[in-house]
Amino acid sequence: MSSRRGGRPEAVPLWATERNPQRETLGARVARVQQKLGQTPMPWQRELYDVAYEIDPATGGPWYREVVVLVLRQAGKTTVVRTVLTDRCLFTPDALVRYTAQNRLMAVQRLENDFYRPIARSPLAAFLNLRVGRRSGMPGWAAKTGSEHIAFTNGSTWGVDSVKSTSGHGPTLNTGAIDEAFAHQDARVEAAMRPAMITVPDAQLWVTSAAGDASSTYLRRKADEARARLKVELARPMHERRSRVLFLEYAAPADADRADPETWWRTHPALGYTITEAAIQSDFEGMSGEPEEFDRAYLGWWPTKKAAEWVIPQGTWHDNRVPDGEFAWDGTPVWSVDVAPERDIASLGMAGAALEGRVFVDVIERREGAPTWCVEQLVELRRRWGGQHVGLIDAARSLAPDLEASGFTVHRLTAQDRMDACGAFYDDAMDHRLRHVHDDELDDALAAATKRFLTQEGGFVWARGKSARDITPLYAATVARHVWVRVHGDDYDIDASTYGGDVEDD
Numbered sequence: 001m002s003s004r005r006g007g008r009p010e011a012v013p014l015w016a017t018e019r020n021p022q023r024e025t026l027g028a029r030v031a032r033v034q035q036k037l038g039q040t041p042m043p044w045q046r047e048l049y050d051v052a053y054e055i056d057p058a059t060g061g062p063w064y065r066e067v068v069v070l071v072l073r074q075a076g077k078t079t080v081v082r083t084v085l086t087d088r089c090l091f092t093p094d095a096l097v098r099y100t101a102q103n104r105l106m107a108v109q110r111l112e113n114d115f116y117r118p119i120a121r122s123p124l125a126a127f128l129n130l131r132v133g134r135r136s137g138m139p140g141w142a143a144k145t146g147s148e149h150i151a152f153t154n155g156s157t158w159g160v161d162s163v164k165s166t167s168g169h170g171p172t173l174n175t176g177a178i179d180e181a182f183a184h185q186d187a188r189v190e191a192a193m194r195p196a197m198i199t200v201p202d203a204q205l206w207v208t209s210a211a212g213d214a215s216s217t218y219l220r221r222k223a224d225e226a227r228a229r230l231k232v233e234l235a236r237p238m239h240e241r242r243s244r245v246l247f248l249e250y251a252a253p254a255d256a257d258r259a260d261p262e263t264w265w266r267t268h269p270a271l272g273y274t275i276t277e278a279a280i281q282s283d284f285e286g287m288s289g290e291p292e293e294f295d296r297a298y299l300g301w302w303p304t305k306k307a308a309e310w311v312i313p314q315g316t317w318h319d320n321r322v323p324d325g326e327f328a329w330d331g332t333p334v335w336s337v338d339v340a341p342e343r344d345i346a347s348l349g350m351a352g353a354a355l356e357g358r359v360f361v362d363v364i365e366r367r368e369g370a371p372t373w374c375v376e377q378l379v380e381l382r383r384r385w386g387g388q389h390v391g392l393i394d395a396a397r398s399l400a401p402d403l404e405a406s407g408f409t410v411h412r413l414t415a416q417d418r419m420d421a422c423g424a425f426y427d428d429a430m431d432h433r434l435r436h437v438h439d440d441e442l443d444d445a446l447a448a449a450t451k452r453f454l455t456q457e458g459g460f461v462w463a464r465g466k467s468a469r470d471i472t473p474l475y476a477a478t479v480a481r482h483v484w485v486r487v488h489g490d491d492y493d494i495d496a497s498t499y500g501g502d503v504e505d506d
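According to the numbering used here, the stretch in the sequence shown is residues 1 to 506, in order.
Hints should not be assumed to be uniformly reliable.
[Claimed, not checked] Estimated spans, in silico, between C-beta atoms of each pair:
| # | residue 1 | residue 2 | range |
| --- | --- | --- | --- |
| 1 | PRO123 | SER243 | 17 to 25 Å |
| 2 | THR414 | ALA278 | 44 to 52 Å |
| 3 | LEU130 | VAL12 | 42 to 50 Å |
| 4 | ARG8 | MET430 | 49 to 57 Å |
| 5 | LEU234 | MET430 | 25 to 33 Å |
If you are wondering where the hints come from, they were derived from the structure by calculation, not from laboratory data.
By construction, the Cβ of each residue, glycine as well, lies at the ideal position given by its N, Cα and C atoms.
Please take these sequences and the hints and turn them into a complete structure.
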């Protein structure tokens with residue numbers, strides 16, 4: 001276990017289930033798995049493993065069936081999830097593991113990039129099933145669209161497919177991980193997982209997240225219940241503590257000085273290990289126009305300010321939302337790119353045939369910096385999901401030559417197209433024909449945008465509001481919808497389309 005730079009004391013969690021020394025623990029084994037994956041556990045991670053893997057003497061399985069972890073940005077949460085799920089797959093033959101994120105597309109990308117690839121680069125690659133993924137040269141990676149998973153030699157599988165409400169009558173689930181829990185507004189994913197775990201004596205549910213916002217009703221309730229339960233537990237002698245829910249939360253006290261670096265050192269468990277004070281100072285200064293976002297990311301404080309009125313009424317937008325964990329589109333997608341006027345932010349969007357409604361839209365990725373990454377990412381998305389058509393608007397049009405050289409059909413939106421696209425996007429949303437998943441970045445863009453009217457007839461386009469906050473996710477979704485309707489129209493036959501890219505058999 002590494003030590004903190006400068007010999008400073010460790011950050012102290014605001015709430016933490018204490019280690020019960022009367023119980024044995026498998027924490028050391030889990031820590032070794034993280035070490036094999038190439039990262040030495042930080043003290044907070046090692047302590048978490050020691051508590052989460054305390055053994056129930058009656059069953060030999062973990063005492064805690066549920067682990068709720070609220071931690072700050074860049075603290076190593078992804079590493080914890082990767083380690084925990086890898087440990088389960090290695091040490092439980094034929095285990096079934098499920099991972100969920102903000103939406104399915106993001107979960108698949110994370111499964112490959114954040115979980116599979118680190119395993120494949122580590123000594124633990126020896127435990128991947130070499131019969132799976134051999135055609136693609138990615139042993140252990142099953143790339144078939146809709147059933148992507150990591151396969152292990154002992155029969156364990158780690159996938160992202162949602163567990164439906166009928167899962168209690170299907171395969172049992174050994175470990176479920178609900179990551180980025182702030183993005184969920186209800187408990188549907190958890191409610192679907194629990195029946196599949198009920199007959200598994202050593203099953204565990206992990207719920208991990210940064211602090212939420214006003215829309216994070218699921219996580220808010222989860223955290224409030226956990227704090228209340230832990231407060232009661234901590235008042236009892238150790239031998240009388242019986243809760244099966246572990247709760248860990250890193251956050252600054254409400255009266256802490258948000259600008260004082262000492263607050264950061266006392267609060268952020270990765271400071272002095274994987275991040276520096278200078279890095280947090282830079283974000284503190286760079287996010288001065290949105291202090292609540294810094295506080296949420298680095299202090300664990302939930303925003304309290306009243307939300308502004310959205311360009312599409314918030315209630316209407318949420319009514320169009322697809323339930324968490326459901327696959328909501330089919331057929332061949334179209335893609336889009338929007339680049340901020342300063343060319344410092346870009347967003348990729350997609351649209352496909354909605355299983356209910358007219359069209360489904362999603363924001364695949366938003367990234368700060370020059371938009372040079374977009375072409376390579378679109379090539380990868382086409383390989384995975386199919387789709388040759390890409391819509392570009394304004395500053396993103398500069399990407400057209402490279403996209404065309406990569407074989408894409410590029411649609412350059414004109415000023416009239418932009419006005420038509422914004423109006424039609426609004427109309428479909430108001431008519432409940434536009435489907436989408438919950439996405440914080442798209443929600444933030446809707447909250448930040450205003451309507452700028454261009455004609456006496458009432459035509460408008462999206463514009464940045466007084467805060468000048470980024471709205472590229474909104475334009476990415478808007479352009480994707482416009483191109484999808486232009487290419488496929490309302491007579492699109494899902495069954496006749498070619499779904500996905502170069503799909504391999506297992």
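Hints, one by one, checked against the model:
1. PRO123 / SER243: 17 to 25 Å: 36 Å, violated
2. THR414 / ALA278: 44 to 52 Å: 45 Å, holds
3. LEU130 / VAL12: 42 to 50 Å: 45 Å, holds
4. ARG8 / MET430: 49 to 57 Å: Since the Cβ atoms of ARG8 and MET430 sit about 54 Å apart, the hinted range of 49 to 57 Å holds.
5. LEU234 / MET430: 25 to 33 Å: 50 Å, violated
The structure fails to meet hints 1, 5 from the earlier list, while all remaining hints are met.
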